[in-house]
Amino acid sequence: MSRLPTGQYIYGESPIHLIDARAKLLSFILLIAAVVLASSFAGYAAVFCFTAALLWISRLPLGTALGAIRRLWLFFFVIFLMNAFFFEAENPIFSWWIFRLSYGGIAQGANVVLRVALLMALSSVLTCTTTPMDMTSALQSLMKPLKIIRVPVEDVAMIISVAIQFIPTLLEETDMIKKAQTARGARFESRSLRHKAECVIPLVIPIFISAFRRADELSTAMEARGYRGAKNRTKRKKEPLKARDLAALFISAAICAVQFCFR
Amino acid sequence: MKMTYVKRSIITAVCIALCVVLPMAFHSVKNAGSIFAPMHIPVLLCGLICGAPFGLLCGIIGPLLSSLFTGMPPAAILPAMMVELAAYGLFTGLFMQIVRTKAVLADLYISLVAAMLCGRVLAGAAKALIFSAGKYSLTVWATSYFVTSLPGIIIQLALVPAIVFALQKARLIPLRYPEAICK
Numbered sequence: 057m058s059r060l061p062t063g064q065y066i067y068g069e070s071p072i073h074l075i076d077a078r079a080k081l082l083s084f085i086l087l088i089a090a091v092v093l094a095s096s097f098a099g100y101a102a103v104f105c106f107t108a109a110l111l112w113i114s115r116l117p118l119g120t121a122l123g124a125i126r127r128l129w130l131f132f133f134v135i136f137l138m139n140a141f142f143f144e145a146e147n148p149i150f151s152w153w154i155f156r157l158s159y160g161g162i163a164q165g166a167n168v169v170l171r172v173a174l175l176m177a178l179s180s181v182l183t184c185t186t187t188p189m190d191m192t193s194a195l196q197s198l199m200k201p202l203k204i205i206r207v208p209v210e211d212v213a214m215i216i217s218v219a220i221q222f223i224p225t226l227l228e229e230t231d232m233i234k235k236a237q238t239a240r241g242a243r244f245e246s247r248s249l250r251h252k253a254e255c256v257i258p259l260v261i262p263i264f265i266s267a268f269r270r271a272d273e274l275s276t277a278m279e280a281r282g283y284r285g286a287k288n289r290t291k292r293k294k295e296p297l298k299a300r301d302l303a304a305l306f307i308s309a310a311i312c313a314v315q316f317c318f319r
Numbered sequence: 124m125k126m127t128y129v130k131r132s133i134i135t136a137v138c139i140a141l142c143v144v145l146p147m148a149f150h151s152v153k154n155a156g157s158i159f160a161p162m163h164i165p166v167l168l169c170g171l172i173c174g175a176p177f178g179l180l181c182g183i184i185g186p187l188l189s190s191l192f193t194g195m196p197p198a199a200i201l202p203a204m205m206v207e208l209a210a211y212g213l214f215t216g217l218f219m220q221i222v223r224t225k226a227v228l229a230d231l232y233i234s235l236v237a238a239m240l241c242g243r244v245l246a247g248a249a250k251a252l253i254f255s256a257g258k259y260s261l262t263v264w265a266t267s268y269f270v271t272s273l274p275g276i277i278i279q280l281a282l283v284p285a286i287v288f289a290l291q292k293a294r295l296i297p298l299r300y301p302e303a304i305c306k
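Residue numbers (our numbering), protein chains in the order written: chain A, 57 to 319; chain B, 124 to 306.
Certain hints may be false.
[Claimed, not checked] Quick list of in silico lysine-lysine cross-link-like pairs, DSBU-like style, CA-CA up to 35 Å: (1) A/Lys200 - A/Lys294; (2) B/Lys125 - A/Lys200; (3) B/Lys125 - B/Lys225; (4) B/Lys125 - B/Lys292; (5) A/Lys203 - B/Lys292; (6) A/Lys298 - A/Lys203; (7) B/Lys225 - B/Lys292; (8) B/Lys292 - A/Lys235; (9) A/Lys200 - A/Lys298.
Simulated from the structure, these hints should not be mistaken for laboratory data.
Nothing here was measured: the structure is a model prediction, and the numbers come from that model.
Based on the provided sequences and hints, a complete structural model is requested.
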């Protein structure tokens, strides 16, 4: 648990790493729409092939990029079985007691599992190939329209960036606290709900104290250095989108549009 | 002494990070994640300590980041969860601002219970009208938000005030009624 299961930036110089974070984020949104809109075999095949191509081009280690999917195989399996046996009561292939295996159920189970797995793989490609700072900057650019309704976009982007950078530190600290509590006799593996609740309390309170102490130190340091909100900060001028960024956007939009043809 | 805007922002960032970290810690304890709803705790705390706008932000960004980094909650239930947690963060902040009984514990419990109720009603309405329109019933709402999550509700009601007091004792957040100490 001491490291992030997925989504941590992995250094690389692949074409995907080089695409502007704004284009990557917009493409990601378009691809989510494509996955949600996919309803036929051809539609899924298009998104699946494109996701596989992205993974190949990004040269990410598959174990890391698809780690979350591998870890959740039991969840996927249960979801598939529940859909396969309970989704459709009519025209079963096989029926026993309350279980009714049907073609419709198998298709629905495969549909749900494939959709979630594709979304996880796509989010993995995005977060593994984009640095947290680039992601924050991209979020800030894309959230600019929210300024109309007086959302402090710069501050929101700063908060997201600090949150992302805190995750690995807090994970390590949580792991340490958990080990310390186990050494003191906390029984995390107990089946009883009461025991579980009892061991959760000494785990959570120290995590919060330690996290808030870090927040206190960081905010004091920021204020001492004259930080008074992200609004008045200066930053390097953003470069306009290049041909490869526009190409990424165009391809993602095409994959999304193709879904309408296959419906 | 009131907390500065910068400190509120950083505490919100930490609470968002905890929205990713806590479920991972709980999921390593068998079934604890689904029983105790760990992502609710940082959002409720953020609303109570930093106020409504920060709580709202934590409720929206927390589950979104967790879904991006860990795949949980799955994308299918993410929008409904974002609505629910955003409502918790918003309402705890609002109620904490409105309710002033001169007793911190009473303020905390009134704000928490009211926010949890409002959040559940709003999330139920969002599911019934938008996310599961036509497939959602009052029985499903009551079962999922009050029966299945009862251990979570109890643990949140026990833990959140305890964490607030622990943070006050460690002087990491200001006292709500400092004049009561001076007298």
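Structure-based check of all given hints:
At roughly 14 Å between alpha-carbon atoms, lysine 200 of chain A and lysine 294 of chain A fall within 35 Å of each other, so this suggested pair holds. With a C-alpha separation of about 30 Å, the suggested pairing of lysine 125 of chain B with lysine 200 of chain A holds against the 35 Å cut-off. Annotation: proposed proximity of lysine 125 of chain B to lysine 225 of chain B holds, straight-line Cα distance about 17 Å (limit 35 Å). In summary, the hint linking lysine 125 of chain B to lysine 292 of chain B is supported, as the alpha carbons are separated by about 16 Å, within the 35 Å threshold.
Using a Cα cut-off of 35 Å, the hinted pair lysine 203 of chain A and lysine 292 of chain B is violated, with the two alpha carbons roughly 38 Å apart. Pair hint lysine 298 of chain A plus lysine 203 of chain A holds up; C-alpha atoms about 26 Å apart against a cutoff of 35 Å. The straight-line distance between the Cα atoms of lysine 225 of chain B and lysine 292 of chain B is roughly 18 Å, inside the 35 Å bound, and the hint therefore holds. Under the criterion of a C-alpha separation no larger than 35 Å, the hint pairing lysine 292 of chain B with lysine 235 of chain A is consistent with the structure, at around 25 Å.
With a C-alpha separation of about 20 Å, the suggested pairing of lysine 200 of chain A with lysine 298 of chain A holds against the 35 Å cut-off.
When held up to the earlier numbered hints, the structure conflicts with hint 5 and nothing else.
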